[in-house]
Structures are given as structure tokens and as C-alpha cells.
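K.L.:
Input sequences plus hints: build the corresponding full structure.
In order, the protein sequences belong to chains A and B. Taking the numbering used here, the leading residue of the first sequence gets 1, the next gets one more, and so forth. Taking the numbering used here, the leading residue of the second sequence gets 1001, the next gets one more, and so forth.
Keep in mind the hints are simulated off the structure, nothing from the lab. Check before you lean on any hint, since a few could be wrong.
[What the hints assert, rightly or not] Partial pick of chain B residues on the chain A-facing surface, computed with a CB cut under 8 Å:
| no. | residue |
| --- | --- |
| 1 | 1178 |
| 2 | 1204 |
| 3 | 1206 |
[What the hints assert, rightly or not] Pair by pair, the computed Cβ-Cβ distance ranges are:
| no. | chain 1 | residue 1 | chain 2 | residue 2 | range |
| --- | --- | --- | --- | --- | --- |
| 4 | B | 1212 | A | 280 | 23 to 29 Å |
| 5 | A | 102 | B | 1081 | 48 to 54 Å |
| 6 | A | 447 | B | 1011 | 54 to 60 Å |
| 7 | B | 1119 | A | 280 | 23 to 29 Å |
| 8 | A | 172 | B | 1081 | 44 to 50 Å |
| 9 | B | 1146 | A | 80 | 21 to 27 Å |
| 10 | B | 1095 | A | 59 | 50 to 56 Å |
| 11 | B | 1140 | A | 45 | 42 to 48 Å |
| 12 | B | 1011 | A | 426 | 56 to 62 Å |
Remember, it's a predicted structure, so these values are computed and weren't measured experimentally. Every residue gets a Cβ at the ideal spot worked out from N, C-alpha and C, and that includes glycine.
Each chain, written out:
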Amino acid sequence: MTRIATENYREEAIKGINDPVLQKALANLQMRLGRGAEEAYRNLPEGPGLRRKAHEIRMNAIENLDVLLELLADKIRSRGGHVFFAEDADAAVTYCLETAQKHNVRLAVKGKSMITEEIGLNDAFAAADIEVAETDLGEYIIQLAGEHPSHIIAPAIHKTRSEIGLLFSEKLNIPYTTDPETLTRAARKALREKFLSAGMGISGCNIACAETGHITVVSNEGNIRMSTTLPKVHVAFMGMERITARLSDHDILFRLLSRGAAAQKMAGYVSYIGGPRISGQADGPDEFHLVIIDNGRTKILADNEFREMLCCIRCGACLNMCPVYGEIGGHAYGYAYTGPVGAVVTPLLVGINRAKDLCLGETLCGACKDACPVDIDLPRMLLLLRAKLADGDEKWNVKRENTGEKILYGIWSEIVRRRWAYDAMLNLSREGLRLFTGKEGMISSFPFFLKGWTDSRDMKLPARESFMLQWKKSEKQKRVK
Amino acid sequence: MNDNGQVKFINKIRKALCFDGKKPRPDLFCPKSDEESIEESVLILDRISNRPHSSRIQLLEKMIDAAKLINLNVIPVKTLPEAAQEIVKLAFEKQPEWGDEKSVALWKHPLIEEMNIGDILRKRNIKMIFSNQPDAGKTERDRLIKESAGSFIGITSADYCIAETGTLVMKTRPGHARVVSLLPSIHVAVIKLEQVIADFKELYALFEEDLKENGEGLTNCMTFITGPSKTADIEATMVHGAHGPRELYIYVVTGT
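P.N.:
Structure below.
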């Protein structure tokens, strides 16, 4: 089953903040890719406004998803491919597993795909005693170490070269080295053998095209081309929203995807795949299966206020800009999707109450919106999720998180609407706060639930007189003069 | 009827979108109905077919600059025999990555056949592996994959090459095996100057034209290749040759 650990947000976040290796890696990543993407957008001939156009293209596809998916399925079937529509994770996993068993697959090679993380494919294969080899170098390292990825496109950023050197010397039987080139060669050799002997290749899908009936897969390493060319069976998984109507839409989307994800002008390898090999072709898979997955997406689609989230193409650009992700890293998000995209999409997929810390943890600074190649308004949806947590929501089955907070804000709103009450409260707190004066005239520890304010910083004492009072006094003095 | 869950799935989407079949749908597949856009595609296609030699050379220079940034070698040659000479030199100089035997995998493609490098390679004991099966069966598939995996150089052509990014665009056809540009340690592509186009906008305009004309379409697998295989997954250090070719050479025949 899928691993959901969103409840551990706080502990994992603290772990991340106290991990010096991760801190350095995150800073480096955000500097390189975050800044790089920003510059790449600016250098677009059409300017950063192209992202708005991309948003329109994606929204148009989302709002006509039924027609587009039917067309895609028809086209792929007409080329001899199989298309399966999976309502949930279990249906998708079972279909793939049965296909593997039908072909007596002992080993499957997999290109990096977030949706297979979402549906928990690897665990199901392991339980059925079929080996699944991750083939993206970062994912391979993580798999050897028995961990989970921490970034959508750079899954192993939290590992140092000496950790990887130790890991490889133990698992791949090579002499210990910290040279990235030698380590990459070792992985290349080990995985080359797997590519050539695997009975099944598994991939995700970046953006399908309805008009021509193709899925697309993108990588820099070439591992996805290997996984989709060498094994006799190829199974591709796609979230039902990952499609556009027209081929020409891909021009804009791929240019933006490459820039957003890795600050590149174009990714190393992009393949359009529309079916199995045909007579006369010497390679490519004999069988091609496309699994189109809902797994909670129709619920997002049905809600006008969250529908926009389905425009997301999972490029990871928002992670590279987010100040919160930049401090806590990916593991805190506790699910396949990390960073700002995870903070919105995970609560919608696994339950808003269950994943509440994810959306409460973000800052609403808006950096993710500026980073997004398809201009998704993530801050708006983060706020909306918070509103649901504050007030409860029937449609999304959200329970009010904190009744005390609600009552407090209720009282607050009564007070601020009355001048006299507000002044009285200020006077009271001005005097009251002095009781907490600690070292150097600062407040350094509040009791009970106010503790959070002073846990990591000291607070200044309020001024003896409010600004309004001082203003009135100075006006009076002026008149006297 | 077993529709693999399609009807139920699609109906759920229709319900979520509140479609009752009464509301008219926009025409999804030709939003380019505005005259400006149509004019634009016509202009792009015109520009491509009427591009003078001098502009093509300029595009090539642009491509050479773009290639430098991604460790891609773009090499202009005047004639095809000159390209052949360069490739033979490469085959002599470079050493195989796996094992000692040297073998070269090739597409069955007029441009590559015309180079006629077979005799000279054979004299130097370099094996040739062709992907020219007219009706490639299952054993043929296994043989080609195995032998391509053992090759240290793979020679292909391409449909187009994009100057802005140095991207090779390849469709899959009989004789144009996918593994030739994937498994060998060094990938060599030979193209003519006329195949160099400016950017992706031009490429997608060409595709559009092809779809309209009911041409072959994208085939069952079309690949864009931009530079040699690369990874930066270990401490963000760039390493070439993660899984695909470690080196990539594009020879562009410019004509005299």
C-alpha cells in the first residue's frame, strides 16, 4: 500500500533543519536551479508571460478531459496498444502486476515516475517477489539505501558523495571512491545489465497528446528511453490530467517544463510513444500498456476552486524556489509530492485533516506561483485549505482543526470592531506583557500555548505609549506652541 | 463488453465537469482558427522552405554555439565523403567501453549507405551491425539489441536538427532502430544542412503540416535527443554517459 507519513511533518522538518548536509545541498539546489529557472523564463523570446498562455492550454485540456482521454485511448488502441482506466491505486497496481505475471516477469526496470510512488507500485511488486529496479541514478541510490526520494527531480540531494561511495562499495562491490564520475560508471554498468535482462519496463508520462495519441517521457540520463525500448513489455502510468489537446501545445509546454525543472533550454531526451513496435521495426516493446489513473483526481476536478491544481505537470520548479522546502527538505512532506505542490495536492489526495501540517507550514510568500511554468496560483489554494481547516468543510469532509483558535478569533473580531474595547485590550496587554520581562529587558519565555512565539526568538516589550497616544500628544504640543 | 473501465471512468469525469451533453464544446483541435495564427504557420513554413544557404549556415553557427554548452560536438563538413573520413578516424581512435572488440551499429539509411565506410572498417577488423530487417521478428529483435549493446559507436541520421538547442529529432521507421542512438557509447549522427531548422516553433509547425497532409505522423516512437546522456544526481556534479551515449557527434554536410 501507499506510504503516507504526513503526520510526521513536524519531526521530519526539525530533522531536516538540523541536518547540515541537507541544508547545504538545498541551498545549492535552490541557488542553481531556482535562480537558473528564473533567468531562463526571463530569456524566453515571449517573456515570462508565456506561462499564462501555458496555463490556458492546460486549463482548456482539463475542462475537456473526457473527450481528450477517449481520443488518446482510441488512437493508442488503433496502433495495437492496450489502455486501462484505473479508478484508484489498487486497480492500477493490480493491472500492472497481472500483466507482469502473465509474462513471467522476474525483473522490471523503471524510469522515475511520481505517480508510481503515489500508488505504491514498488511495494506491491516486492510483495509479489518481482524485482523493480529504479534506473534514474538518484532514485537508484535511494533504492539501494532503502530510503524515499526527497525531491521530484533530484531525489538524492540529501546524500553526500562519501555516503554514496560507501553505499556503492558495499552494494556494488567496487573499491570505495568519492569521484562522481567513477560512481556514475559503476551504476551505469550495474543498471546496463538490468536493462538488458528485464522483462518489463515501467514509466510515467509527462504530457500526453490527444490529437496524435502519444504519451511523452522525459529524462536527461537516457534511462527512460532504455526502459521503454529494451524490455518486451512497456507499462506507462499517467495521472488522468496529464494531457493536452494539440501537438502544437507541446512547443510551449516543453520549453517551459525544461526551464522550470532544470533551467535547461531542452531536456536531454524527450520521447513520444504511441504504441508497441510494428512489423519491420527491429526494436521497441512487443506490448504497450497505458494505465490512466484517477485515484482522487475527479474530486479535485469537480471542485472549481481546486480544479486549477490539475494543470500541474510535476516539474519541481516550485520546490526550487520555496523558502520552506529550502529549509525542511522533502521528507517532511510525507508523500510522493513534496514542496508547495505537495502542500496543496497531498491534502486533496489523502485528506485535508490528515495532511494539515503541509499547508499550514507554507509561508504564502508567493514564490511558488512565480516559479510555476504553468502559472498555478498555489498560494490561493493554500489559503483555501487553511480556511477549510479553520471552519470545517462538508464536501471535503474536513473537521474544524482548532475550536479554541476559532473562539479566540471570534472574540478578537468583536474587540477590534469597538474602539474602546480595543484600546482597553492594548492597555491591558501593554502592562500585562511587562510581567514576562526577562533578560536584557526582552520577553524570552511565554507560558502554555503561547510558547511557540518565544521558543526560537525573544520578543521586544511593547512601547509604554501607543503610537496613537504619542501622535495626539505631539499634536497637542504643536498647538500649545 | 470489457472496455477496461473506460465508460465508468469517463462518465465520472463528465459528472465532475457537469457536462450533460447539452452545452456545446469548443473545437479543441483547431483553436488556430484566427487568421493571424494561420498566417503565422504559413509564414513559418515558407521561411523554412525558402531559407537561403547563407541563413542556413548562420543557423548552423548558432547550433555550434548552443552545442558547446551541453558537451555536444557539431561538426560541419563540406561533403559526405569528408564526413565518412571523420567517422572512420573516430572509429580508429576511440576505444570500446565494454570488452575489447570494436563494432559499429548503423541505421539503414541512404545517407549512411552513401558514405560507404564498410570496406575500410572491415579492413581494420571493425564489425558492422545493420538494423536493416524488412520484417524484423522476435529473434531479430534480440540479436539487434544484444549486438548494439556491444557496439561502441552507433551511426544514425535524423529527421531534423534544431539549431537553438542542438536537438536531433528522430522518428522510428524500419531500418532506423532506436537502440542505435541509445546503447553504443558514442552516438554519431549525419545530417544535411537542409535538415537544420531554427527552433521548436518551426518543428511543431512542420508537424502540424504533416498531420494536416495526413502524412506518417509522429510514428509509434519519436525521440528528441539534446546532447549526450547526462546526470547531476551525485552532489550536483555533471557527469556524461549516465545510461545513454557518453559522447555525441553531429556531422552536418553543408555542400560546396
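K.L.:
All hints are to be evaluated individually against the structure, with a verdict given for each.
P.N.:
Cross-check of the supplied hints:
Checking residue 1178 of chain B against chain A: minimum C-beta separation of about 5 Å stays under 8 Å; hint holds. The restraint placing residue 1204 of chain B at the interface with chain A holds, with a minimum CB-CB distance near 4 Å, inside the 8 Å limit. For residue 1206 of chain B, the suggested interface contact is broken, since its CB lies about 11 Å from the closest CB of chain A, more than 8 Å. A beta carbon spacing of about 26 Å between residue 1212 of chain B and residue 280 of chain A agrees with the range 23 to 29 Å that was offered as a hint.
The supplied range of 48 to 54 Å is met by residue 102 of chain A and residue 1081 of chain B, whose beta-carbon atoms lie about 52 Å from each other. Separation of residue 447 of chain A from residue 1011 of chain B is about 57 Å and conforms to the stated range, judged on CB atoms against 54 to 60 Å. Distance hint check: the CB atoms of residue 1119 of chain B and residue 280 of chain A are about 27 Å apart, consistent with the given range 23 to 29 Å. In this structure the hint that residue 172 of chain A and residue 1081 of chain B lie 44 to 50 Å apart at CB holds, the actual value being about 45 Å.
With their beta carbons about 25 Å apart, residue 1146 of chain B and residue 80 of chain A fall inside the hinted range of 21 to 27 Å. At roughly 53 Å, the beta-carbon separation of residue 1095 of chain B and residue 59 of chain A lies within the given 50 to 56 Å, and the hint holds. Range check, residue 1140 of chain B to residue 45 of chain A: Cβ separation about 46 Å, and the 42 to 48 Å hint holds. Judged by the Cβ atoms, the range 56 to 62 Å given for residue 1011 of chain B and residue 426 of chain A holds: they are separated by roughly 59 Å.
Hint check: a violation occurs at hint 3 only; the rest are consistent with the structure.
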